[in-house]
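Fit chain F to the supplied structure of chain V, relying on the hints for placement.
Number of protein chains: 2
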Amino acid sequence: MKKKEKMPLSGVIVLDMTSVLSGPFATSILGDLGAKIIKIEKPDGDDSRKFGPFINKKSCYFVSLNKGKKSIVLNLKNNKDKSIFIELLEKADVLIDNYKPGVLEKFGFSWKYLNKNYPKLIHSKISGFGETGPLNNAPAYDIIVQAIGGVMSITGSDKKNIARVGTSIGDITASLFCVIGVLSQLILRNRVNRGSKLDLSMLDCQVAILENAIARYSVEKKNPFPLGTDHPSITPFGSFDTLNEKIVIAIGNEKLFKNFCEAINDEEMLRMKIFNSNLNRNKNIKKLRIRIENILKKNKASYWLEKFREKGVPSAKINNISDLVENPQVKYRNMIIDYEDRFIKKLKLPGNPLKFNFSKDKKVAEPAPDLNENKKEILKLLRD
Amino acid sequence: MKKKEKMPLSGVIVLDMTSVLSGPFATSILGDLGAKIIKIEKPDGDDSRKFGPFINKKSCYFVSLNKGKKSIVLNLKNNKDKSIFIELLEKADVLIDNYKPGVLEKFGFSWKYLNKNYPKLIHSKISGFGETGPLNNAPAYDIIVQAIGGVMSITGSDKKNIARVGTSIGDITASLFCVIGVLSQLILRNRVNRGSKLDLSMLDCQVAILENAIARYSVEKKNPFPLGTDHPSITPFGSFDTLNEKIVIAIGNEKLFKNFCEAINDEEMLRMKIFNSNLNRNKNIKKLRIRIENILKKNKASYWLEKFREKGVPSAKINNISDLVENPQVKYRNMIIDYEDRFIKKLKLPGNPLKFNFSKDKKVAEPAPDLNENKKEILKLLRD
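Protein chains in written order, with the numbering used here: chain V, -10 to 373; chain F, -10 to 373.
Hints may be right or wrong, so weigh each one.
Each pair may be met inside one copy or between any two copies, as identical chains are not told apart.
Taking lysine to aspartate or glutamate pairs in the EDC-like style, the calculated list, with each CA pair at most 20 Å apart, reads [to be verified]:
#, residue 1, residue 2
1, K351, E315
2, K105, D86
3, K337, D327
4, K148, D219
5, K(-5), E355
Read the hints as simulated data drawn from the structure, not as lab findings.
Only chain V is shown next, with the shape it has when bound in the complex (with noise of 0.2 Å):
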């Protein structure tokens, strides 16, 4: 058996008819699995060719999302290129788009057609709302659904500083659902030899990823608010200042604590009422913030983690992404990973977090192609 063959996804065509994170990031998570990626662009290209940081005007944004897929250029108004997506449809498995509702439709490609004549063939189709409801026709980027989703609202400082999560969390969410969605179909095809759909909605994703939050609020009848660092039950559970730099601490139970207050040579407060339980730590943060801090501004932050280390105490550095790519363990597990192509000659991208024990991290990635650079390739394989 060849190497790719391992791979779970070994054979299986994926057309990509997504732009810019959640369906680019997708079907990267089904090329790492061993798909092949044929990306369908249209003629001027993936938005995010456009977005920076660039390198020899190729962008790092878009390379860091599409390594490994094949380019080609199809503007599906032309009938020749037209007629050439419908080959493609009959030798792929797997179509995705994140296309706005309708758009697939007005081309003449509705589901109800692609399931008739591409009988195997799945449709992953992610949008900003879904296809279905009063806003699925809406126009959404990741801060409005990160807004209407709610998690906007329990991430910051407080009430008035409310902060977006810092990374694309209302696209990503959704990429990560699609790939769960896309091998489930695979699956179940193999069982009912047949293709099927799947309408992913972002805001699903959003509501599906607050974590008990909805059931809080439903037996409590309160909105729960930003705590900063804090937790919103588990005390301490958070970001401390130390003498250089805050550190965070997490003390998941009464063990820890002991362990903790140890570590900070402060036993006194195993036995003060106020700090004896989770529940009273919890309500009494304040005086025991200004409690813990005084001693832990005594010290760098690298004293105290050695301290906490030693104690088994859950503790670590706030890392920049400096800090990340350096981390000994980050290195260890092959997650920062390097980048090269024609035009790009350093470029550092993060690796597949899925360790399998029947693959190998690549520790180089493969080339993000350039706009149409694969049209040959693609339109041999159709003559295959």
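Structure of chain F alone, referenced to chain V:
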């Protein structure tokens, strides 16, 4: 074909040895896809059974992550229970655990042993840092992984006011990648008739969702930092004050900026050099914010949202959880469902975002099990 058999994971048996969040959310999604989830609990149960809020002493936190699962208590230190576990391994397709590395090995269930004795068994393991590397044994909680993983350094009002993402994205991202892993392993097993092992690290998953932060740092050698609700390279793309409350606006291209200026009746901005391109707006974001907010503060949020809707300008209210559960789109898509069991008469939970054409949304969740509730049923399964 029975309705259940139409689901992708019909007939798949998952042994769920996970607790709290990362594992239970993963197996909850596998359950929604049709798998039978057998939750194997330690004698005092999943720790999250003790997390509030409670209704009639039943944890709503636990319920929100364990609906539809079956519970059996097994103490692997006890030989009788260990032999039941071994019988379950013979029946099972997938084993998932989120113990610290080494715990299953201590009980004799290393991957080598499992793979030798149950060659078709799939094992997926979630841990804080993975099973390899210098940090493999360090204790991890969500906030530790958010801090080490870099997302905390780019979330918050500004450099001095960083924030934890308000939902436990450190756990949840690992849950989603775990599901992707298990489904991939099932697909591979269909072809090669052998099980496999996944070693998933929460930290690795955080690195994977940083969007282009690593590529940007690699090019610019500058650390990204928190920007409140703003976007690093698109402007205006953030929250703005109105007369009564903040709203978010996302102007992704020049056409939208024109529509936006028309909607707020300030077409002069289009002709001002400091605002006439995204790059210039990005450079002059403070001036832009003052000018926009001076206008928006003259009317209420609802007035502006209607204006923006008319012009197709992406904009939204920043929903609290109470707004979210009443949102017409969220309701239309069945993303808030009802929960009921012997103890809990009324609770709202998030619905399933995977809307396939072969499945129907559940509007009522299946009960989450009491501790050891399904022991008889599970032992009967072993005799079948």
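Check your understanding: Honestly, which of those hints from before does the structure not fit?
Key -> none
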